[in-house]
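A.B. asks: Sequence:
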Amino acid sequence: MNIHNGLREYAINSAMKDSRFSPITEEEFPHLTCSVSLLLHFEEGKNYQDWQIGVHGIRIEFVNEKGYHRTATYLPEVPYKQGWNHCETIDSLLRKGGYRGTINDAFRQSIRLTRYRSEKCTVHATEYLRARQNGYRV
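First residue of the sequence shown: 0, per numbering that gives the first Met the number 0; consecutive thereafter.
These are computed hints drawn from the structure, not numbers from a lab. Some clues are possibly wrong.
DSBU-like mimics (lysine-lysine), calculated; alpha carbons at most 30 Å apart, straight line [claimed, not checked]:
1. Lys16 with Lys80
2. Lys95 with Lys119
3. Lys119 with Lys16
4. Lys45 with Lys119
5. Lys95 with Lys80
6. Lys95 with Lys65
7. Lys95 with Lys16
8. Lys45 with Lys80
9. Lys45 with Lys65
10. Lys45 with Lys95
11. Lys119 with Lys80
Let the sequences and hints guide you as you build the complete structure.
C.D. replies: Structure representation (structure tokens):
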């Protein structure tokens, strides 16, 4: 999938089809902003602490207590905004990924960590509408 089509598809899915939220209404639209993070420079980490808070996003892979392979990810800004350290971030990601067992250092060491960076672009609804009126196809 090319990036243009992917952004369009995921924007529609996020706005209208994400079961965690009500679909966006016409009344809400003028007050919205849309942010897109492009994930770049993926590198395998040596261990669960091989990344910098506020610099790297992380994706973890692990085997849950039922033997299923699971994954979870946080963008770089998430641990920073939450004020988490490395352990708190990993523990939260494990729970996000569906792990319900005991978390200890040995289990944290068993995960596979990939770190990445991201470039974030944010556009307010009024900027979007202005671009459309000026003939920019989005």
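A.B. asks: All hints, please: hold or fail.
C.D. replies: So, going through the hints one by one against the coordinates:
1. Lys16 with Lys80: Judged against 30 Å, a Cα distance of about 27 Å means the pair holds.
2. Lys95 with Lys119: The given pair, whose Cα atoms are some 22 Å apart, holds under the 30 Å limit.
3. Lys119 with Lys16: holds (23 Å)
4. Lys45 with Lys119: holds (26 Å)
5. Lys95 with Lys80: Roughly 17 Å between the alpha carbons, so the hint for Lys95 and Lys80 holds.
6. Lys95 with Lys65: Given pair Lys95, Lys65 holds - Cα atoms ~16 Å apart, limit 30 Å.
7. Lys95 with Lys16: holds (20 Å)
8. Lys45 with Lys80: Status holds; Cα separation ~24 Å.
9. Lys45 with Lys65: holds (25 Å)
10. Lys45 with Lys95: Holds. Lys45 to Lys95 sits at ~22 Å (cutoff 30 Å).
11. Lys119 with Lys80: holds (15 Å)
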